[in-house]
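Chain by chain, the residues:
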Amino acid sequence: MASTQSIDQQSTSIPFYRDERVLKIIAQVVSTVIIVGLLVLAVLNFLQAAEARNMTLTFGFLKEAAGFPISNPPIEYEPSMSFGRAFFVGLVNTLLVSVTGIITATVLGTLVALARLSSNWLLSRIALVYIEFNRNIPLLVLLFILYFVVFGQLPQIKDSITWPGPIYINKRGIYLTWPRLTETGIPFVILLSIGIVAAIIAFIVLRRRRELSGQNTYYVQISVAIVIVSGVVGWILSGGSPFQLSTPVLEGFNFQGGLRLTPEFAGMFIGLTMYTAAFIAEVVRAGIQAVDRGQIEAARAVGLSTIQVLSLVVMPQALRIIIPPMISQYLNLTKNSSLALAIGFQEVFSVGKIAINQAGRAVPVFALVMITYLTLSLLTSFVLNLYNSRIQFVTR
Amino acid sequence: MRKLLALLTVLMVTSLLLAACGAPATEAPVPEEPAPAEPAEPAEPAPEEPTEAPGETEGPAPAAQGGGILEAIKARGKLICGGRTDLAGFGMLDDAGNNIGFDIDVCRAIAAAVLGDPNAVEVVPLTAADRGPALQTAEVDILSRNATWTSSREAQWGNFTTVMFYDGQGFMIREDSGITSTDEFDGATVCVTSGTTTEQNLADFFRQKGMTYEAVIFEETAAVYGAYEEGRCDITTSDKSQLAAVRSGFAEPDAHIILDITISKEPLTPAVPHGDDAWFDTVKIVLFALVNAEELGVTQANVEEMKNSDNVKILRLVGQEGDWGYTDLGLDPDALARAIAAVGNYGEIYDRYMGPDGIAFTLPRGPNELWSNGGLIYAPSIQ
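As they're listed, the protein sequences go chains A and B.
Start counting the first sequence at 2; every next residue gets the next number (the numbering used here).
Start counting the second sequence at 534; every next residue gets the next number (the numbering used here).
These are calculated hints, taken from the structure and not from any lab test.
Among the hints, erroneous ones may be present.
[As the list claims (entries may be wrong)] To give an idea of the interface, some chain B residues facing chain A are shown, with a C-beta separation under 8 Å as derived from the structure: (1) 665; (2) 685; (3) 690; (4) 740; (5) 741; (6) 743; (7) 747; (8) 750; (9) 756.
[Claimed, not checked] A few chain A positions that, by computed beta-carbon distances, are all more than 10 Å from chain B: (10) 96; (11) 260; (12) 295.
From the three backbone atoms N, C-alpha and C, an ideal C-beta is built for every residue, glycine too.
Build out the structure end to end from the sequences listed, making use of the hints.
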């Protein structure tokens, strides 16, 4: 507001209230005081109120026995274990649904984006409908539809839908045939992991050498060969069968064996994937369309194949645009996983809500939940920002 | 990385600025002490040092705390009652959309007693998981939402007044499941509401029996029973009154049975926030009056003519003779009579929702009979 008034510089003694530099400093100080003051007021008010209501900010209760069950804990959990353990179980569930959700949403989102950009009219329209449908329905509604309408209408266990595999689908979940590591399979896993690490190192070293020397070092072929050789050697060492297929079998109330996705997890996972993929599709489409058409035409003119055009020309430039909004989508997905509360998937917030009630410690639990999400989000954006700055550097 | 650095820089600059403007303002209580502090007034774009006098020290006081709930209610003109809208019999919506039920009538009785108007109630619907914090923070004047009284809740949540409904936890299963006793529960899937004693009792029960089970846990009551009715669970468990209430709302109530076994004590009790003895007393006395009214045969219909009764106990109850404590609590002599006129006596409230012709369902009174009829409902005298 003061910037226009400070134009006149006729005398050396400008009164301070017309000196732009002084005014700027005052503005800074005043705004800082307002912000800090409000913060202090909020904190003090909270401390006073908490004191008056006998709500303490201690975390000792985390060691006490929780006493409440958690549905289908991914790691060992009994109600006799501590609140801390219960909280950790919730955290594992959050990570499980977020990480798997991020992976599938990225893949699905990219495919939908490519479909959306396709010159095939039908494919492009289907992708458009998918995006608009999922983007314009609140996630909570989508979750309720998936959980109560879709999964709720599945048949009872006895009349399970059977797909080849075998895969059984019923009200109690999706039962997949799943490979289980046998006892003799450990050397295979060890050798294969060593092989994969070696292959990654070889890939990086040989590619750099090619970039420096310009000679083809066959880095793709060599690293693939390393993985295959280590896998085959491990397979032989482990006596031929490192994995055994575990098939779900109906016993008593439920299926035993195989891999079971509970309706709660499946609903959450599918809901998050569908919803976030729609946003990711738009992000990817925007990134690809932002690459100058001339670049693609030029690449084609040089004689690059379609895959080469995509991988060498389009994607490196598109990624620079895609990654920053993509980070937001990943953070959104992680945070949206707290909606699992509504459909009975017990992630960190849902366990926290129960702990608030059972332990009567609202303030520390909310603090813990907030710190958890904050840490997860900051970690995600830190890692992806590292990647982001790398691709920015490489392409410029 | 750069982002982190930027964040750190912002934080450092902020704290430096805080230190810088804190330094000259030493006369003013710098917001370090949690005493009467409040932020230095930034209103005027005054000179560099924001050395305003600490002026008003009261700040935005956190409502009525540590007493004065009754005054706050009178000033506000209505009672804030933590209740529910989703459980037949206890807190539900009628055809006209009014919140009615056993628990809601408790609030109406109290509003009638202290404000003279049973409709001066604002019912705040709470989930099971939210009710504890709501009472702890005194967001509600009374929590009347079929909450079980336990020692830890008494210590953490607030003051539990007097048991209004004796209940116990039971199990509901589908009749065609063929299960007749809890010994056949091994490996079953159980739907349960989160943040309840039910949830804990369930865990205790299976642990004691050495059986395994799969819990499916929701925060919303409707989701629990929706999932059970759809077949996600073999069993659902809750207070027996709640199971009866829910079953009455199922598409096929007869397809479900409530097992006879009771695995816990569930004394459902209205509770008030900690720290206001007078309010605690007031609520208790109104509840006692409802029970005494049933003992003495005072009903919603005859409470007015009972003011001319020749029974001195009745005269005390309706405020015609003696002081039942109203002077010390700052209430009107006929406060209890107004409560009875508003919702009737204990038995009338029960029968309205759960009696033979109850609006919601029919549940024999059992332990909720008056002590004189062999039940557990007993209240100190109004005198």
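Quick rundown of the hints versus the structure:
1. 665: Cβ of residue 665(B) sits 5 Å from chain A, so the hint holds.
2. 685: holds (7 Å)
3. 690: Holds. Min distance 6 Å.
4. 740: holds (7 Å)
5. 741: Violated - the Cβ of residue 741(B) stays beyond 8 Å from chain A, reaching only about 12 Å at its closest.
6. 743: Residue 743(B) check fails; min Cβ-Cβ to chain A is 12 Å, beyond 8 Å.
7. 747: holds (6 Å)
8. 750: Holds: closest Cβ of chain A sits about 5 Å from residue 750(B), inside 8 Å.
9. 756: holds (7 Å)
10. 96: Fine: 19 Å to the nearest Cβ keeps residue 96(A) off the interface.
11. 260: Residue 260(A) is indeed farther than 10 Å from all Cβ atoms of chain B, at 16 Å.
12. 295: Non-interface label on residue 295(A) holds, nearest chain B Cβ at 31 Å vs cutoff 10 Å.
This entry does not satisfy hints 5 and 6, going by the numbered hints stated previously.
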